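For the protein sequence lines, the chains are A and B, in the order given. Position 290 of the first sequence, counting from 1, maps to 291 under our numbering, and the rest follow consecutively. Position 121 of the second sequence, counting from 1, maps to 1300 under our numbering, and the rest follow consecutively.
Treat the hints with care, as some may be off.
[Unchecked claim] Okay, the calculated bits of chain B under chain A, using three or more residues with CB under 8 Å as the criterion:
| # | stretch |
| --- | --- |
| 1 | 1206 to 1212 |
| 2 | 1233 to 1239 |
| 3 | 1285 to 1291 |
| 4 | 1299 to 1309 |
Hints were generated in silico from the structure; no laboratory data involved. Values in this document were obtained by computation on a predicted structure and should not be read as measured data. All C-beta atoms, glycine included, are put in the ideal place defined by N, C-alpha and C.
Residue-level listing of the chains:
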Amino acid sequence: MHQVDLSFTKEITKVEGAATLDISIKAGKVEHCRFGITEFKRFYTQAMRGKPYKTLPSLLARICGTCSNAHLLCSIEACEHALGITPSAQSQLMKHLTMYGLNIRDHALHLYLFALPDMFGKDSFLSFDENIPEQHQILHDAFAIKAAGNYLSIIIAGRSVHAVNPMIGGFLNVPKLEEVAEAIKKLEEIRPAVLRTIKLFADCQYRFDRKTDFMALVSQPFSFLEGEIVTDTGDHIAEKDFRDHLEHTVIPYSQASGYVYKGKSYMVGSLARLNLSKNSLHSKTKESAMEALTRFPSTNIFDNNLAQAIEILHCVDQSLEILHTTKFAKEVLQTPTSTEGIGIGVIEAPRGTLYHKVSIGADGNVIEGEIVVPTGQNQINIEQDMARLIEELLPQNPSAEQLQQELEKLIRAYDPCMSCASHFLKLRIAEAKS
Amino acid sequence: MSILSKSETVTSPAKKLRIGWFTFSCCEDSTIIFTELLNDHWQEWKKLLDIRHARVLQSHNVLDELDVAFVEGALASEEHIRYLKEIRSRSTKLVAVGACAVMGLPSAQRNQFDIKKLAEIQPLLDKFAYLPQVKKLSDVVKVDYIVPGCPMDDRKFLEVLNTALKEFKIVD
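Produce the entire structure from the sequences given, and follow the hints as far as they go.
As structure tokens, then:
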């Protein structure tokens, strides 16, 4: 029997935002194991109150840099629902394209810069060796994929971070013909690189099985914006009722609290989406990723990486179809049909289901709002999995460094976003105190 | 089980610009812009930059002697102030990157909260030892260059980086 004594608090790297691992093991027994989010809260829930509603989406985009365009679109949807605005068909297509650009660059950031170094025993993606053909290819693929997603975001949404074109009621600008042609060229060029990315993660041998419930917005065809919320246990929830089904819960071994659904923890994100709706992906994606898709539904948390790689391909294929078949023309913004109301927006952000609720008063100012972010929903699963992984590793008598490395690999597979989560976690603590 | 290979330690050839990238209270949008700038500049920067500290890119981070520290985010705690002063003391030049570092906002939005909103957040401010007022970098340390924008203006960032590369005689 090993009687390991280990205690450390370490900063987690290669994740979005600031977090620590806080582990204490005495005589082979885990005393505590915490995934601590050390981001300082910036109080958007309070700041939004009293603001003119038109300024809300761009304010809430600042909750998070990497997911900013997801917060932007979710807040726009909530405001549009509150004020009875139906976006035009072209606006809806441009919202889809905004999400495709976001997912391509954000998933590629996670897969290449955060997850891949672990798989090659490297500390940094930039230390991959250009003189080794495989690593040379990977370096070039990574930056080409990210750049294509970035370019798509820029021509559609104006910027890849804190976009300026999407407005409540439509888009301020449309892409020029030559920009569309350039985006098509870039997306066609990276398609083989995306297929190589899928193979890279399909070949990865990492495994951590966890039985959990998966939840995602599901529609036919596959969409990051539309549909109803579906669980793998067969429940269907309308967007507007989503929040009513989630309960706050206190995690016994942590200061933090999270959400549960029907008393159980659950997972959102790419793995959940592919587990629930792989059959509604773009037909070309299904054809090209046929073998990798046989892995889903999967309970291996590391398949979240593979799911992200497949989603990049879907975003490329879907974007190409839209860009080839759409003639973009400048439109006027749709105007409100009511002056006040409560609206809910639910979208699939890169890391999972994102919920924004807003209440707008007759004076045009925000009365109050609520936001539920993906990392908040995955929080309980992450901490439970960390505890189980430590127990599995302890018989091998690991060093603190090995334990940290293995835990970080697992946490990275969830692709948590601490900028978003800080918004969520400490809010719960505030409620617990009051 | 793979652990960090020792060969991955950051090396320090004399001809590279030793930089660090640090983040305080913000949404990390400028970090994302930096990773997007890598798309076009990674080959060049691999040769020119010795990235000694960047949590988003690597696990092995050292804060010893830096030519240039790029710092994003505003200061929300005493620990932030202490750490920023440490970064300042170890860096020849310090660059404030993005709106929160340069102007404090939007991270400092609570500085303008009314009494009702402040009362709501006060228990949190106390519990986690937040500063009474969020500060911009220049409130606490000398800032040599600024890259404003929310997110940072990428052209201005490249301008500042190129200035530093010349100043430290990495390029002519």
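Hints versus structure:
1. Counting residues of the stretch 1206 to 1212 of chain B whose CB lies closer than 8 Å to any CB of chain A gives 7, so the stated coverage by that chain holds, three being the minimum.
2. Figure legend: the stretch 1233 to 1239 of chain B, annotated as covered by chain A; annotation consistent (6 residues with Cβ-Cβ distances under 8 Å, at least 3 required).
3. Counting residues of the stretch 1285 to 1291 of chain B whose beta-carbon sits less than 8 Å from any beta-carbon of chain A gives 4, enough to reach three: the coverage restraint holds.
4. Residues of the stretch 1299 to 1309 of chain B lying with their CB closer than 8 Å to a CB of chain A number 7, which satisfies the three-residue condition for coverage.
Hint check: no violations occur; every hint is consistent with the structure.
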